[in-house]
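Using the sequences and the accompanying hints, generate a full structural model.
Number of protein chains: 2
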Amino acid sequence: MNKARASMEHLYRVFTAPEGRESKLAQIEQHLSANLADFLSRHVVASNTSLEDIEHHFADFTVPEEPQFVSDHAEILLEKLVANSVNTYSPQFIGHMTSALPYFHLPLAKLLVGLNQNLVKIETSKAFTPLERQVLGMIHQLVYGHNEHFYRAHLHSANYSLGAFCSGGTIANISALWVARNQALPPKGSFRGVSQSGLHAALKHYGYEDMVILTSKRGHYSLSKAADVLGLGRHNLITLPCPDQTLDPQLALQKGLELQQQGIKVLAIVGIAGTTETGHIDPLDELADVAQQLGCHFHVDAAWGGATLFSQKYRSLLKGIERADSVTLDAHKQMYVPMGAGMVLFKDANASNAVRHHAEYILREGSKDLGASTLEGSRNGMAMMLYASMHIFGRQGYQLLIDQSIEKAHYFADLISQQPDFELITKPTLCLLTYRVRPDFIKEVLSRFPDKRDEINQLLDNLTVAVQKRQREAGKSFVSRTRLATGKYHQQVVTVFRVVLANPLTTAEHLNDILHEQLHIARQTQSWTRLQNLANQLTTSV
Amino acid sequence: MNKARASMEHLYRVFTAPEGRESKLAQIEQHLSANLADFLSRHVVASNTSLEDIEHHFADFTVPEEPQFVSDHAEILLEKLVANSVNTYSPQFIGHMTSALPYFHLPLAKLLVGLNQNLVKIETSKAFTPLERQVLGMIHQLVYGHNEHFYRAHLHSANYSLGAFCSGGTIANISALWVARNQALPPKGSFRGVSQSGLHAALKHYGYEDMVILTSKRGHYSLSKAADVLGLGRHNLITLPCPDQTLDPQLALQKGLELQQQGIKVLAIVGIAGTTETGHIDPLDELADVAQQLGCHFHVDAAWGGATLFSQKYRSLLKGIERADSVTLDAHKQMYVPMGAGMVLFKDANASNAVRHHAEYILREGSKDLGASTLEGSRNGMAMMLYASMHIFGRQGYQLLIDQSIEKAHYFADLISQQPDFELITKPTLCLLTYRVRPDFIKEVLSRFPDKRDEINQLLDNLTVAVQKRQREAGKSFVSRTRLATGKYHQQVVTVFRVVLANPLTTAEHLNDILHEQLHIARQTQSWTRLQNLANQLTTSV
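So the sequences go chain by chain: A and B. With the numbering used here applied, the first sequence corresponds to residues -8 to 533, in that order. With the numbering used here applied, the second sequence corresponds to residues -8 to 533, in that order.
None of these hints come from the bench; they were simulated from the model. Computed from a predicted structure; not experimentally measured. Among the hints, erroneous ones may be present.
As the list claims (entries may be wrong) - Simulated crosslink set (EDC-like; lysine to aspartate or glutamate; CA at most 16 Å straight-line): (1) LYS195/A x GLU200/B; (2) LYS195/A x ASP201/B; (3) LYS15/A x GLU66/A; (4) LYS359/A x GLU46/B; (5) LYS195/B x GLU43/A; (6) LYS71/A x ASP51/A; (7) LYS246/B x ASP201/B; (8) LYS359/B x GLU13/A; (9) LYS359/B x GLU46/A.
What the hints assert, rightly or not - A short list of chain B residues far from chain A (calculated; beta carbon distances all over 12 Å): (10) TYR3; (11) THR79; (12) GLN449; (13) LEU529.
Glycine is no exception: its CB is placed at the ideal position from the N, C-alpha and C atoms.
If you want it as structure tokens, here you go:
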């Protein structure tokens, strides 16, 4: 390896001249652009390399003293980083919400970096600011469907913003609840409100004992983070039981009234449109009624499910979302945009003024700088990715994508139900479902010996864990796993495979293969043998 | 324009096949890659197009119904978006902290999107997680210089994290103060701490009247946001006067003791290493003493100045930063990484456990998932950009970049001082400085007629605003402006040009040109004429 020298000439060249077409980095790029699937399947060595082994490649904790040639470094990136990455583009990678992306995002990513705009202020994002406002308007209209007059009045107004782009659903949820908190404890008379005077003074001023947020046990962990960050405390995120994976409005109402009687302010009810674990949707319309009855903010976390609104066939699943005071959506999930495209939207264009702030050198009063009412400061122009996607797919294209995902999930659920050695745990509402290996020989035993249920389920849990791990390590397919309380087993918590069928490249054949592989692995495990022994023992002893 | 059809075949192609080499998008990409400066100078129509005119291009608020061909859309992006963007790569764009980036980030941005990893959890970022931990370790070592044993024990440990990557300095500052708040109000006996029980209960439990953060008036506006979000209230961010642009340790100590006597808890002192407006650095070592005396958290916001640590020549400017409990740095500033690479670091590897959280399907206890102690959830692999930069530049390369920026700022400050019609307002500590047009004929008048000082400074303010706007609209050069209290005029607030000299492509000639253009514009303004009249009037009347 030649040695690079740290000189201004060398640096100047790095800033002004691209690598030659024959250079390693250019080769990587060409391969990526020409055939991403091939690039990944050649370079990502999906393997059982342990994490500890990978860590050895990343063990140095000192900044390298001397410079390196770009091409030498590109070689290292390939060997150390790409080789040990996860092939999220693969149609057999159906374990998480990260999937294949359309090709046009590759050159667009480059354009984004080439333009390097900063959306915190107009002066560094002249056209990107109006573009982002337009994109927020489009999604706002998709969710709320306000009339033309509303959008004409607010879309590009310096005094309003319909929401904010942010790095992801977590920041969106925090932003929504931040706005809700500041609106619930506003300035009044000589009191300057929670935003200025803090939560302690505000609760005292308004005479509240405490402040809580209601959601179901399936609420995303970011809600607990939000409760912590915003000063409410994680304990004040009340997560109600949801035996059927969705929040019971009556239970929420009852709990809310009970808390109110204790002098506790219910800040918000959070409904979920597409839970992370099973893809269920809370009864949003009824929860909107409950929020109204309790006089609290209604937030909908539609980070996953929001894109369903593109589908005329399935959008009714989210009925009531248009009554939410705020909504979280992630374009990097079912809108197939690269990571980093979260959004929060507010029904009322005035809402985000509850967190508005100014500074001298930017965000001057009356400016249209987007940074004046966002939690984040400097931000890149990710809105362009969604802008391009909405134009290239169109609503119709997104509808096709959403519909085929949901229908694929129904197909897979049917397929699982037909297998004697598998058990469907949660049916798909959107394109998520959960299931487990449950050998046919144990099925009857499980229902015949209720006092053995815990023991059997424990063995089945071990089996599921073992299969999930080995399948992941084999590197061909990936499903994730989680633990769920299920009505079927009297709310016993069981371990399940979790599948997200958002990758449009996943076919029925892939799904068949995945089940075959799982069964094949399962039969070789100790847990399988133990279950067999237990079944034999129980049925013989009877 | 042909019409695209929404069909699964069409969509499948968008996910599996790149645009042809002759397509518009491919052409854009080739041009970008071959010569970024040329691409931008041809397509960015730096112009006086008004924001309102641009907004007309982005006025539609409905999701387009029908799909569009990628190439048709690429054409639209060029015409509407790129044409009206800001050329931040240009060496004459010296008004903000956004500058030219090295070329290798263009293909790397593509690789990042192609890999589409999600760093919230190992399962979707197998190699990126260790890489990010390594990068955090390198920067940690740069700041704190702990010994080898420390890094070997903590770098890849599931029980610790040395900090977090995040979208930017704002999230980093909030994260740091979140940790500080939770550490200051910890669980104790049966009390479960602020994280679980909330700020209201915690302040009561610990018997504090209130909780405040101390910083100077030059503290970034994100600190005020942090005070709001975290429930302290913006009013409880105490911003102390700083006539010389830096925080006086004695003043901080005095204020802190005074507050403590009132039963108010001083949560943290925030020192700034590179203020956004003038690039000044607080006396960090002395502030560390004060924090120690007050028994509070010491946070350093080094979003801008942190990269100075790469320079052996200038790193002593930040002496004392190694005593900070937490530090914010932005790699997308002086480390020349694309937007979205903020970091927070903690001296104590255990600190971030004050905000640790778990969830069933990810972030299981004992896992190395980075998401367990970050404010954000899903995140992309931006750490790769800094990893590559640190290897390709090396510490030596970064030192050259930092040194030449600072030295260029000194050169420019001298140049301004030599011009009879300009006035240097703040000298550079790092590569920022502020100045204004102050015609020679008014200089003497300004000192001779103290009772006219306000009036003259008001006219000079108008002059600076007019020149800054017209220069920006002319589209050749861009400096920003802000308002500063300056000791020279008895703390009167004056409007100044603000210059950030981070772009390595900016030459002495560019700087000369910028001054010439400003003077040329200034002479044509009404303010110039009014100042002339006033000067004549005053000197004649004497």
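Hint-by-hint comparison with the structure:
A distance of roughly 12 Å separates the Cα atoms of LYS195/A and GLU200/B; the hinted pair therefore holds under the 16 Å criterion. Proximity of LYS195/A to ASP201/B is assessed by CA-CA distance (about 12 Å); at most 16 Å being required, the pair is judged to hold. With a C-alpha separation of about 7 Å, the suggested pair LYS15/A and GLU66/A falls inside the 16 Å cut-off, and the hint holds. Distance check on the hinted pair: LYS359/A and GLU46/B sit about 11 Å apart at the alpha-carbon level, within 16 Å; holds.
In summary, the hint linking LYS195/B to GLU43/A is not supported, as the alpha carbons are separated by about 45 Å, beyond the 16 Å threshold. Between LYS71/A and ASP51/A, the direct Cα distance comes to roughly 13 Å. Compliance with the 16 Å bound is thereby established for this hinted pair. Distance restraint check for LYS246/B and ASP201/B: the Cα-Cα separation of roughly 15 Å lies within the 16 Å cut-off, and the hinted pair is therefore satisfied. Note on LYS359/B and GLU13/A: the hinted pairing is violated, with a Cα-Cα distance of about 38 Å set against a maximum of 16 Å.
With a CA separation close to 11 Å, the supplied pair LYS359/B and GLU46/A stays within the 16 Å bound. Non-interface status of TYR3/B relative to chain A is broken: a Cβ of that chain comes within 12 Å, the nearest being about 7 Å off. With a minimum CB-CB distance of about 5 Å to chain A, THR79/B fails to clear the 12 Å threshold, and the non-interface call is violated. For GLN449/B, the non-interface assignment is confirmed: its Cβ lies about 17 Å from the closest Cβ of chain A, beyond the 12 Å cut-off.
No beta-carbon of chain A is positioned within 12 Å of the beta-carbon of LEU529/B; the least distance is around 30 Å.
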